[in-house]
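Required output: the full structure, derived from the provided sequences and hints.
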Amino acid sequence: MKKAMFKHILKLIKVQGEGNAWVFTELLIVFILLWWSVDMFLMQGVVALQPEGFSVENVCKVTLAARPATSPAYVRYEEGSDEMVKNYLRVIERLRTHPDVEAVTYCQPHSVPYNYANNSRMYWNDTISAANGLVYDVTPDYFRVFDIRTADGGSPEQLAAALADGWVVSRTLEEKLVGKGSLQGKRLALNKGDSTTYRVNGISAPVKKQGFDLLRPVAFMLLAEKDIYAFNEHDLALMQICFRLRPGIKGSSDYAASFKKEMKQSLTAGNFWLADVQYFPDIRRRFLENSMEVNMHRMSVAVNVFLLVNVFLAVIGAFWFRVNRRRGELGLRMAVGSTRRDIRLLVSGEGLLILTITAIPALLVCLNLAHADFLNTEVMKVTFGRLLVDSLLTWGILAGIIMLATWYPSRKASRLEPVEALHYE
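So the sequence shown is numbered by the numbering used here: it starts at -1 and just counts up by one.
Distance condition first, Cα-Cα at most 25 Å in a straight line; then the derived DSS-like pairs of lysine-lysine: (1) Lys248 x Lys59; (2) Lys262 x Lys84; (3) Lys59 x Lys224; (4) Lys84 x Lys258; (5) Lys59 x Lys258; (6) Lys259 x Lys84; (7) Lys379 x Lys174; (8) Lys259 x Lys248; (9) Lys258 x Lys248; (10) Lys59 x Lys262.
None of these hints come from the bench; they were simulated from the model.
Right, here's the structure in full:
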């Protein structure tokens, strides 16, 4: 826009001050609402694009059931016998030796992704700092089954080896306890000042519990074979058994059904019997379809789209009406020598300048909202860069709407013949 045109538009806005007051007011409110909506969309996008930190592709879940004591086939063990646990471990071993299976893990129900079970503890770093995080009780093969890697991209085998005689913690828990420092080799306690501490032997990549979840602080603790000897039959049946297929074997729902049919007899021992085999991506899909986080995400998207549509209609209506009301003036400009391009530049430039002027007080309100903690800080801290992106996107969206709102009426006005323009005057 030329300097002379810029000065002329400023003079027009000043002359039409009272008439433009309602446009400034509407844009002020719309800018603030849209700015907040844009920030919410951006944070949801950041969460959705964050890697989950694990993979369930080519992973299946085995569900065991235990016969009730009332069943005629119920096996009764002698008091003090460990045969029940040995039968459970026989099932695991038979699964592990299947030619299609690469790795098998069993873990507590709260330790697998895509379920509502959670177990959390407070973790203390030398009584200086503490953070709440999830507890995952798992075997070393858990990292191989779910392809969880180290924070620096190392293999699951490194984490499996680290879990053998200590803890593995996620990078997210490490950040909460020591910021940009390292927990590698340090010791954590479960209670402040507790003399019993646990060495951190590995740092995993950040992990989620489910798709649209935030990255969660997690401590992986070893579930050793000796630990399950304290479990009863019901507890063992609730354990989550998962296995990863070897490379070259393509997992699917049909494969899981076929595997169940094939292993129905082999995965029966004592009172344990094979109840189901599920392909983990199917579990993921069903969980996300019904999860509160996904439903909240959908509702948020619907509300924001509704807001955006209303902003679109309100701004278009205001500027369309404003340009149509000035058709006589614009046509007269044509009559005294303005080109059609000059008319379009004048109208669109006036709209953009009104938006830019309105953005100044609107941004002051927005910055105060950010200062008052109205923005989500769980996903990302409120930084200058975040506020700048929010502001530029908001201005850009409104600028695009204004350009669209002024294009057609200004084009129509620029095609007025001088005689018709004088008629409007």
